[in-house]
Structures are given as C-alpha cells and as structure tokens.
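These protein sequence lines are chains A and B, in that order. Each residue of the first sequence is one higher than the one before, starting from 5 at the first, in our numbering. Each residue of the second sequence is one higher than the one before, starting from 5 at the first, in our numbering.
Take these hints with a grain of salt, some might be off.
Straight-line alpha carbon distances no greater than 27 Å define the calculated DSSO-like cross-link-like pairs of lysine-lysine that follow [to be verified]: (1) K204/A with K221/B; (2) K221/B with K228/A; (3) K316/B with K60/A; (4) K219/B with K228/A; (5) K150/B with K221/A; (6) K186/A with K243/B; (7) K219/A with K127/B; (8) K157/A with K186/A; (9) K219/A with K186/B; (10) K204/A with K219/A; (11) K150/A with K60/B; (12) K316/B with K186/A; (13) K243/A with K243/B; (14) K204/A with K60/B; (15) K228/A with K127/B; (16) K243/B with K221/A; (17) K243/B with K219/A; (18) K105/B with K243/A; (19) K219/B with K147/A.
Only part of the chain A face toward chain B is listed, based on derived beta-carbon distances under 8 Å [unchecked claim]: (20) S58; (21) E203; (22) K204; (23) P247; (24) W274.
Rather than coming from a laboratory, the hints here were simulated on the basis of the structure. Even glycine gets a Cβ: it sits at the ideal position worked out from N, Cα and C.
Protein chains: 2
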Amino acid sequence: MMITLPNTLRGLALGALCALSAFAHASDPLPSWNEGPTKQAIVKFVQETTDKNSAKYVEPSERIATFDNDGTLWVEQPMYVQLLFALDRVKTLAPQHPEWKGQEPFASLLKGDLKGALAGGDKAILEVVMATHADMTTAEFEKTVKDWLATAKHPKTGKLFTEMVYQPMVELLAYMRANGYKTFIVSGGGIEFMRPWTEKVYGIPPEQVVGSSIKTKFETRNGKPALVRLPEINFIDDKTGKPIGINEHIGRRPVAAFGNSTGDQQMLEWTQAGDGASLMMLVHHDDAVREYSYGPDSKIGTFSDALMQEAKQRGWTVISMKNDWNKIFAYE
Amino acid sequence: MMITLPNTLRGLALGALCALSAFAHASDPLPSWNEGPTKQAIVKFVQETTDKNSAKYVEPSERIATFDNDGTLWVEQPMYVQLLFALDRVKTLAPQHPEWKGQEPFASLLKGDLKGALAGGDKAILEVVMATHADMTTAEFEKTVKDWLATAKHPKTGKLFTEMVYQPMVELLAYMRANGYKTFIVSGGGIEFMRPWTEKVYGIPPEQVVGSSIKTKFETRNGKPALVRLPEINFIDDKTGKPIGINEHIGRRPVAAFGNSTGDQQMLEWTQAGDGASLMMLVHHDDAVREYSYGPDSKIGTFSDALMQEAKQRGWTVISMKNDWNKIFAYE
C-alpha cells in the first residue's frame with residue numbers, strides 16, 4: 005500500500021496533466037492559425053456576435069457566412085481545378101469528336117499546346133467548358149466529376165485535389181458552424197462541379213453551394229424524368245454576380261465573407277453594407293515555398309492593387325498565408 | 005401524517021394522470037389530421053425513413069421535403085395572393101403613372117374592371133407584375149411586401165393572408181422537421197414575395213425558399229451597394245421549372261413532395277424517380293364549406309383529370325381537405 009499509493013498518485017497526476025493538455029488543445033478551434041491580429045479578429049468577431057449581451061450580437065438565423073472556393077478554400081494554381089478537369093475531358097472525349105482536330109481551341113489542346121488553346125481567351129475557355137460540361141444528364145455529370153476527382157492529381161504536389169484544401173479554412177468553417185453560423189460557398193466555379201464533394205471535404209451540403217451554372221432542361225429519358233445540361237450559360241457567379249447569387253440562393257445578407265481575389269470584391273462590399281456586425285477577409289497568396297505567391301499580375305485569382313487599397317480603406321483583414329497559417333494542407 | 009399521506013398520494017396520482025394526458029396529446033404531432041389512410045401514410049413514411057433498421061431508411065442529410073405554396077400551404081382563391089398584392093400596388097402607384105389611364109391592362113384595373121384587365125391573359129398579368137415588382141431595390145420591395153401583408157385582408161374571410169395558411173400543413177412541416185427533414189418551399193410564386201414571411205409563418209427560412217424571380221442588378225446607390233430589381237423575367241418556377249429550380253437551389257432530389265395542381269406534376273415525378281423511399285401527395289380542394297372547392301375547370305390551381313389519373317397510376321396520395329382535415333385554419 006505504501007508503495008502503490010504514490011504510484012497511483014503519480015499516475016493520477018500524469019493523467020490530469022494529459023487531460024489538461026488535451027483540453028488546452030481542444031479548446032483552440034483554430035490550431036493551424038498562428039496567434040496574432042488575424043486570428044484574434046476572427047475569434048473576437050465570433051465571440052461578440054454570439055454573446056447576447058454584446059452590442060454586436062447576431063440572431064442565430066442571421067448567422068450567414070459565405071466563402072469563395074478557388075484560392076480561398078482550395079488551391080487554384082497553376083490553373084483552376086475545373087479547367088484542368090475540362091482539359092482532361094477533352095482528351096477523353098476526343099475519339100468521339102474527330103472534328104476537334106481541325107477546330108480551335110481543341111486542336112491546340114489535343115497537341116498539348118495549352119497556351120495556344122487559351123490564346124482565344126474567355127471565348128475559348130467557354131467553348132471547352134460547354135463541350136465538356138453539357139449534353140448529358142445532371143446525374144451523368146455528377147458521376148464524371150466524382151470519378152475524375154477520385155484519381156486526378158495536382159500537377160505540382162501529386163496529391164488529390166480534395167487534399168489540396170486549406171486546413172486553416174477547414175478549421176474556420178467548423179469553428180463558425182460550431183457557433184451557429186450557416187456556411188455557404190459562393191464561387192465563380194460551376195455549382196454542379198462543387199456539389200458532389202463539398203459536403204465530404206468542407207462539411208458544406210449541396211443546398212449551401214452557390215456557383216456559376218449552365219441551363220438545364222427537364223425531359224423523359226428511358227421512361228424516367230431527367231435533367232439534361234444544355235450548352236448555354238445560366239448564371240455567372242463572379243464579381244457583381246456574387247451579391248446577386250447570394251440574394252437569389254440565400255435571400256439574406258451574409259455577416260461574414262471570405263474571398264481572395266477581385267472576383268470577391270462585391271461580395272465583401274455587400275456583406276459590409278449590412279446593418280449590424282460584419283467580418284470581411286481576403287486570403288493573400290504570399291507563400292511561394294509552401295503554396296504559391298501571386299497577386300495583381302496573376303490572371304488566375306487576381307489580387308489587384310486596387311483591391312488591396314480597398315481592403316485597407318474599408319478595414320477588411322488580409323490573411324497572409326505565410327504569416328497567419330502554421331499549416332496550409334492537412335497532409336503536411 | 006395519517007391524513008396528509010393519502011392526499012399526497014391522490015395528488016401524485018392526479019399529477020400522473022395529467023402528465024399522461026399531456027403526453028397522449030403531445031404524442032400526436034398531426035392533431036388537425038383525421039385518423040385514416042392519408043395520415044397513416046405520412047406517419048408510416050416518416051417512421052420508416054428515420055428507422056435505421058428499415059429498408060426505407062434515409063440518411064439525415066438526404067431528408068429533403070419540398071412544398072408548393074399557393075393552394076398547398078396557403079389559400080390561392082379567389083385569386084393568387086401575389087396577384088392581389090400587385091393589383092393593390094397598381095392603385096397605390098397610379099398617381100405616379102398618369103399614362104396608365106389610357107393603357108391596358110392598367111386602365112381597366114383602375115376602373116375596377118378586373119375581368120377586362122385580365123382579358124389580356126398572361127401578358128397582361130406579366131405587365132402588372134413587372135410594373136409593381138421592379139424598378140426598386142430588393143430592400144424596398146421587401147418592405148413593401150411586409151407592409152402590405154401586415155394589413156391586407158382576404159376578400160372572403162377578412163383575415164390576414166398570413167392567417168390563411170393550412171393548419172394541417174403547418175403541423176406536417178413541423179413534424180417532418182422534428183424528424184430531421186429539411187423543409188423547402190418550391191413555388192411558382194415570387195421568391196422575394198415569399199421570403200419576408202415564410203420563416204415566421206411556416207418556420208421555413210429564406211434560404212430554403214425556391215420560387216420564380218426577376219433579374220437583379222448590383223449597383224451603388226447613395227454610396228451604398230444595392231440590388232435593383234429589373235423588369236425582366238429570370239426564372240419561372242412552375243411545371244418543368246420545379247425540378248430545374250430544385251436542382252439549382254437544393255442540388256439534391258427530394259424524398260417527399262407536396263403540391264396541389266398541374267404545376268406540381270413534374271416536381272412529384274422528379275421526387276418519385278429517386279432510388280430510395282419517396283412520398284408524393286396532392287392537396288385536393290374539395291371543401292366548399294370551410295374553404296373552396298375547385299379542380300379541372302379552375303384557372304387558378306388547376307387539378308386536371310389527367311393529374312388525378314396520374315396520381316392513381318403512380319400511387320400518389322390525394323389529400324381530401326374535406327375528409328382528411330378536421331381543421332383547416334388555426335383561427336377556426
């Protein structure tokens with residue numbers, strides 16, 4: 005007894021220490037964020053808007069947070085993931101389209117000349133998207149996206165694209181939801197390209213995804229009703245389209261909005277123009293070692309000087325990936 | 005002690021009885037539905053789809069139920085509520101539009117000749133809607149709707165329109181939500197006409213309302229960003245538009261759908277075409293005493309013979325307001 009008692013006590017003390025350490029860890033909902041003003045701003049906002057005694061209190065039903073996807077929640081370099089998907093689809097579909105050999109932008113693409121293909125600008129990109137995203141049912145498209153994402157790899161890291169999501173943002177999504185926020189994606193990307201995987205990867209269900217879309221048509225195929233995707237733009241959820249898409253899909257103004265490029269400017273302006281508390285943040289890609297470094301000169305995810313100036317003037321927080329995040333991807 | 009003990013016991017017994025009675029009452033989530041096959045079908049469906057051991061079990065995330073609004077959740081006779089709103093707006097706005105005196109359908113409307121005004125058919129209705137629903141910000145429109153609904157009365161009952169909602173359907177919405185279902189409105193009515201009040205009246209938040217819409221434009225007014233409503237149709241959420249709207253807004257197929265007219269046919273077909281369990285129901289207005297009685301010949305809420313036949317063939321339940329509901333409105 006005289007020997008076992010101290011051991012027991014030591015064991016208890018050790019257990020208590022472990023529990024304390026686990027508690028300290030569990031009590032930080034944002035472990036991938038470095039301590040500093042950015043993390044403080046997030047925590048302060050969430051604490052104030054959920055504290056009934058705070059002047060900044062927001063009713064649970066009004067706790068709407070919107071997140072851009074490309075460059076905000078997952079990687080968008082060296083090219084939008086959806087564009088890589090479309091390029092792969094061109095190769096897969098080429099045998100059924102012998103005419104593509106003599107038709108731009110497909111001819112260049114099939115020769116591996118990406119630069120030549122994209123020389124046609126937005127029109128060329130649109131042609132590639134329509135040729136690869138339309139003329140099939142919504143169910144067929146969903147399967148195509150799922151199948152592709154299950155094996156396609158990021159050209160630089162060799163990881164699955166669904167692993168190329170920013171761990172600090174995944175923590176932020178969960179933290180906001182734990183505090184009664186409804187999290188939405190509001191992206192220029194295709195709504196039906198995102199919905200098959202956002203619930204699993206981000207915890208965001210299909211009905212909380214807003215994005216660009218093409219038109220669909222209801223018809224009967226093989227005796228069953230089907231929605232067929234048409235080669236016709238329905239909505240572009242970018243720039244001024246973001247507040248329009250938010251109003252159409254959500255019908256409430258967000259109190260928090262997160263983006264990373266000029267495409268998100270109006271979403272943040274719209275959010276800030278609400279009556280009560282609001283939080284606006286822009287992810288800045290300034291970490292060439294762990295991810296990418298790009299800004300005003302990048303065609304993908306342009307973070308213009310004007311946007312940086314507007315962020316300063318309006319008090320929007322610019323998140324430095326380099327300084328604010330101690331981890332970028334979960335696999336690190 | 006010998007006197008008080010039996011009293012205490014009597015008190016306890018009485019308390020137990022009261023508790024039991026309260027429990028019996030609380031245990032029926034659909035008190036306004038008469039016992040019978042319709043109510044049984046609802047309860048059986050909900051029990052089976054929420055029972056993990058049932059072959060018909062539906063994962064919580066997939067529990068999507070869609071409800072038409074006009075004629076399914078609230079009254080649509082003698083005219084769609086939104087049309088009554090538009091007609092009232094014409095009168096209010098007339099002093100600002102002297103040209104309306106010589107311009108149909110406004111001239112007839114202002115003379116009180118509704119029949120003459122609507123002789124122009126859908127085109128006339130569209131003109132009235134555009135003249136009264138556009139050229140203002142979304143915030144201004146929301147206020148107009150709220151102000152109107154706060155005082156406008158149903159022409160037959162003299163009740164507020166928000167009191168003209170079907171109590172059995174309100175109970176059904178709550179019952180399904182209590183069992184993990186996410187309830188959505190999918191209506192041919194204007195999305196922004198419904199959103200200002202559906203949360204309060206039905207417990208359905210704006211982000212779960214799908215409807216017809218006009219286009220909006222993002223611009224800066226008085227130094228603040230605003231969404232301005234344009235006199236241009238964006239989407240008609242009726243007939244084949246319903247599955248399209250469901251796909252666009254929800255991104256999942258419903259497992260339960262409730263409607264009341266030919267405008268809901270494709271929504272029910274789309275719901276039934278899913279892989280697992282599904283429930284399709286149509287409210288039939290067959291109670292001229294307590295509400296209205298109308299069917300194939302009504303221009304509003306047409307329940308065609310073909311729809312009745314399809315319901316029988318496909319096993320959809322037709323809800324008889326007369327026989328299945330012991331109460332129609334909460335104020336009865």
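Status of the hints after comparison with the structure:
In summary, the hint linking K204/A to K221/B is not supported, as the alpha carbons are separated by about 34 Å, beyond the 27 Å threshold. In summary, the hint linking K221/B to K228/A is not supported, as the alpha carbons are separated by about 38 Å, beyond the 27 Å threshold. A threshold of 27 Å between alpha carbons decides the hint, and for K316/B with K60/A the separation of about 55 Å lies outside it, so the pair is violated. As the CA atoms of K219/B and K228/A are separated by approximately 32 Å, the hinted pair breaks the 27 Å bound.
Note on K150/B and K221/A: the hinted pairing is violated, with a Cα-Cα distance of about 34 Å set against a maximum of 27 Å. A threshold of 27 Å between alpha carbons decides the hint, and for K186/A with K243/B the separation of about 30 Å lies outside it, so the pair is violated. Of the supplied pair hints, the one linking K219/A and K127/B holds, its CA atoms being roughly 24 Å apart against a limit of 27 Å. Using a Cα cut-off of 27 Å, the hinted pair K157/A and K186/A is violated, with the two alpha carbons roughly 31 Å apart.
Of the supplied pair hints, the one linking K219/A and K186/B holds, its CA atoms being roughly 25 Å apart against a limit of 27 Å. For the given pair, K204/A sits about 26 Å from K219/A by alpha-carbon distance, which is consistent with the 27 Å threshold. Taking the CA atoms of K150/A and K60/B, the gap is about 25 Å. The hint holds against a cut of 27 Å. For a cut-off of 27 Å, the pair hint linking K316/B to K186/A is broken: about 40 Å separates their Cα positions.
The suggested pairing of K243/A with K243/B is violated, with an alpha-carbon distance near 32 Å, which exceeds 27 Å. About 23 Å separates the Cα atoms of K204/A and K60/B, which keeps this hinted pair within 27 Å; it holds. Taken as a hint, the K228/A and K127/B pair is broken in the structure, with Cα atoms around 33 Å apart against an allowance of 27 Å. Only pairs whose Cα atoms come within 27 Å are accepted, and K243/B paired with K221/A is accepted, the gap being roughly 12 Å.
The straight-line distance between the Cα atoms of K243/B and K219/A is roughly 16 Å, inside the 27 Å bound, and the hint therefore holds. A C-alpha spacing of about 42 Å is found between K105/B and K243/A, which places the hinted pair above 27 Å, so the restraint is violated. The straight-line distance between the Cα atoms of K219/B and K147/A is roughly 32 Å, outside the 27 Å bound, and the hint therefore fails. Given hint, S58/A at the interface with chain B, is violated; its Cβ is 23 Å from that chain's nearest Cβ, farther than 8 Å.
For E203/A, the suggested interface contact is upheld, since its CB lies about 7 Å from the closest CB of chain B, less than 8 Å. With 8 Å as the threshold, the beta carbon of K204/A stays out of range of chain B, its nearest partner Cβ sitting at about 11 Å, so the hint is violated. For the restraint placing P247/A at the interface with chain B, the shortest Cβ-Cβ distance is roughly 5 Å, inside the 8 Å limit, so the hint holds. Because the smallest distance between the Cβ of W274/A and any Cβ of chain B comes to about 5 Å, under 8 Å, the interface hint for this residue holds.
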